[in-house]
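Here are the chains, one letter per residue:
There are 2 protein chains.
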Amino acid sequence: MTKPAAIAEDAPAALHQRIRTEIEAKILSGEWGPGFRIPFEHELTEQYGCSRMTVSKAISALAEAGLIMRKRRAGSFVARPKVHSAVLDIPDLRSEIEGRGETYAFQLVACTPRAPKTKSAEETELARGGDLLVLRGVHFASGRPFAIEDRLISLLAAPQARDVDFAAQPPGAWLLEHIPWTEAENRISALAADTETAQLLAIAPGTACLAVERRTWRGGEGVTKVRQLFPGEAYDLVACFGPSRG
Amino acid sequence: MTKPAAIAEDAPAALHQRIRTEIEAKILSGEWGPGFRIPFEHELTEQYGCSRMTVSKAISALAEAGLIMRKRRAGSFVARPKVHSAVLDIPDLRSEIEGRGETYAFQLVACTPRAPKTKSAEETELARGGDLLVLRGVHFASGRPFAIEDRLISLLAAPQARDVDFAAQPPGAWLLEHIPWTEAENRISALAADTETAQLLAIAPGTACLAVERRTWRGGEGVTKVRQLFPGEAYDLVACFGPSRG
DNA sequence: TTCCGATTTATGTATATACATATGTCTGAG
DNA sequence: CTCAGACATATGTATATACATAAATCGGAA
Numbered sequence: 001m002t003k004p005a006a007i008a009e010d011a012p013a014a015l016h017q018r019i020r021t022e023i024e025a026k027i028l029s030g031e032w033g034p035g036f037r038i039p040f041e042h043e044l045t046e047q048y049g050c051s052r053m054t055v056s057k058a059i060s061a062l063a064e065a066g067l068i069m070r071k072r073r074a075g076s077f078v079a080r081p082k083v084h085s086a087v088l089d090i091p092d093l094r095s096e097i098e099g100r101g102e103t104y105a106f107q108l109v110a111c112t113p114r115a116p117k118t119k120s121a122e123e124t125e126l127a128r129g130g131d132l133l134v135l136r137g138v139h140f141a142s143g144r145p146f147a148i149e150d151r152l153i154s155l156l157a158a159p160q161a162r163d164v165d166f167a168a169q170p171p172g173a174w175l176l177e178h179i180p181w182t183e184a185e186n187r188i189s190a191l192a193a194d195t196e197t198a199q200l201l202a203i204a205p206g207t208a209c210l211a212v213e214r215r216t217w218r219g220g221e222g223v224t225k226v227r228q229l230f231p232g233e234a235y236d237l238v239a240c241f242g243p244s245r246g
Numbered sequence: 001m002t003k004p005a006a007i008a009e010d011a012p013a014a015l016h017q018r019i020r021t022e023i024e025a026k027i028l029s030g031e032w033g034p035g036f037r038i039p040f041e042h043e044l045t046e047q048y049g050c051s052r053m054t055v056s057k058a059i060s061a062l063a064e065a066g067l068i069m070r071k072r073r074a075g076s077f078v079a080r081p082k083v084h085s086a087v088l089d090i091p092d093l094r095s096e097i098e099g100r101g102e103t104y105a106f107q108l109v110a111c112t113p114r115a116p117k118t119k120s121a122e123e124t125e126l127a128r129g130g131d132l133l134v135l136r137g138v139h140f141a142s143g144r145p146f147a148i149e150d151r152l153i154s155l156l157a158a159p160q161a162r163d164v165d166f167a168a169q170p171p172g173a174w175l176l177e178h179i180p181w182t183e184a185e186n187r188i189s190a191l192a193a194d195t196e197t198a199q200l201l202a203i204a205p206g207t208a209c210l211a212v213e214r215r216t217w218r219g220g221e222g223v224t225k226v227r228q229l230f231p232g233e234a235y236d237l238v239a240c241f242g243p244s245r246g
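Heads up: the protein sequence lines correspond to chains A and B, in order. Numbering (my numbering) for the first sequence: 1 to 246. Numbering (my numbering) for the second sequence: 1 to 246.
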């Protein structure tokens, strides 16, 4: 009873922070896609009834966070998601491999849409009532199998995926291009290759493999879940951390 | 010839950015250690001969980046390195394990100072003319071996380490407390356990293990290199990424 | 002594203002 | 038509100012 409760539910007290949050929400929800020119400072100034310094502070913060690109005279634009701004990216395997001077190839093993298995909480959560696209493929580096990829794509989040030829373009690259993620979780573990895996990767059964399981979201809604298996000695994941920005 | 060359070598044009950089340098070099109270805004205002808004902008940026904690009335302080602010941390294993409700123990296997092997470029680079402290230990969760740790510590970067009892306090935790890192590189791979490893971890030889190799620096100078081996199925590394801050 | 409240002080937010700078756009000369 | 240069405009930086807010500190009452 000391004070009236906050007017809005979760409104940050500071105006510049509220502005920042609202713009961020528009970007993360996809409403303002990559390349979209966000309103000019003077427009936001009018909209929020505040000074330019305040909206500038909000937008500048988003720019530092990498969500927005600012250009004098032109305006401020939603940034195209730069994969490399994310730490530990495994960008897509193509550029990874070609960066080493090897040739890259992807072979699609299976690709079928289906309903999520009701038993799998993970699948039903990802599908959110829609269907899933279930994929399996093998990545090759200079002709040698390099990784197995098993992937689920939410057709609710990415309906266009149904009509894409993933034999021509690996799903990871396509997704990055069309449904960039905003949140991701990587889970890394080691396990021994079973017979089927070993056969696809052309290694001995029981060989130690690195398993990378990654789930991504866009504005809180699940987009895809992928599990990549690398023959142990063939691959190192490297992640570097440093202060603020380079 | 259009204009006189920039006065300073790499001075950012903007004053607030120069201030930010200079403070950042003091922190990263260790000159201003964790907990140090940086000068008040009005002092910096005087020092740089600029307005409070300008120094405030610089300090606020560092605060957002997590390098600094600000407290009203008290001042601004160099933040204690929050392990969890770093992505993919493997914080220290103790808190990791105790967080799961298991009991933690560390057993020191070996701990000797010695000169770097001249053959190993990695060791000589880390030592930078000084000696290295070479450690091996095993981490236990609820009495079961959980990870092997092989570590090198630069005694030039951490001379106090020579006199620490690492049987009482695992080196990772001690280092975090006393010589926090500012840059880090993680290298993750999978490999099969050899006989010695298998024995220490109480697993079958050939079991798939997760190997995490991490090197850390403080203001560009090498501090430590550690390699941790986890029995494959027993451990998952998890890393989450999202926009700006949570 | 202990505890509560007033005071002091550093940061937090916001405004109005000014000028600098980069860059689209438009215009006119050739 | 092409290109150079003038112009308009959105962002970038910085100042001076004002008031809000949290918290350390000091002073006095119990």
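FYI, nobody ran anything at the bench for these hints, they're computed from the structure. Because the structure is a prediction, the values reported are computed rather than measured. Among the hints, erroneous ones may be present.
If chains are identical, the list can't say which one is meant, so a pair holds when it fits in one copy or spans any two.
Result set (DSSO-like, lysine-lysine): computed pairs, CA atoms no more than 30 Å apart in a straight line [what the hints assert, rightly or not]: (1) Lys225 - Lys26; (2) Lys117 - Lys26; (3) Lys225 - Lys57; (4) Lys119 - Lys225; (5) Lys117 - Lys57; (6) Lys225 - Lys117; (7) Lys71 - Lys225; (8) Lys119 - Lys71; (9) Lys57 - Lys119; (10) Lys117 - Lys71; (11) Lys26 - Lys57; (12) Lys71 - Lys57; (13) Lys26 - Lys119.
Evaluation of the provided hints:
{"no.": "1", "hint": "Lys225 - Lys26", "verdict": "within (24 Å within a copy, 43 Å between copies)"}
{"no.": "2", "hint": "Lys117 - Lys26", "verdict": "neither (32 Å within a copy, 56 Å between copies)"}
{"no.": "3", "hint": "Lys225 - Lys57", "verdict": "neither (36 Å within a copy, 40 Å between copies)"}
{"no.": "4", "hint": "Lys119 - Lys225", "verdict": "within (17 Å within a copy, 44 Å between copies)"}
{"no.": "5", "hint": "Lys117 - Lys57", "verdict": "neither (47 Å within a copy, 52 Å between copies)"}
{"no.": "6", "hint": "Lys225 - Lys117", "verdict": "within (14 Å within a copy, 45 Å between copies)"}
{"no.": "7", "hint": "Lys71 - Lys225", "verdict": "neither (35 Å within a copy, 42 Å between copies)"}
{"no.": "8", "hint": "Lys119 - Lys71", "verdict": "neither (50 Å within a copy, 50 Å between copies)"}
{"no.": "9", "hint": "Lys57 - Lys119", "verdict": "neither (48 Å within a copy, 52 Å between copies)"}
{"no.": "10", "hint": "Lys117 - Lys71", "verdict": "neither (47 Å within a copy, 51 Å between copies)"}
{"no.": "11", "hint": "Lys26 - Lys57", "verdict": "both (17 Å within a copy, 26 Å between copies)"}
{"no.": "12", "hint": "Lys71 - Lys57", "verdict": "both (15 Å within a copy, 21 Å between copies)"}
{"no.": "13", "hint": "Lys26 - Lys119", "verdict": "neither (34 Å within a copy, 56 Å between copies)"}
Figure legend: structure checked against the earlier numbered hints; hints not met, in rising order: 2, 3, 5, 7, 8, 9, 10 and 13.
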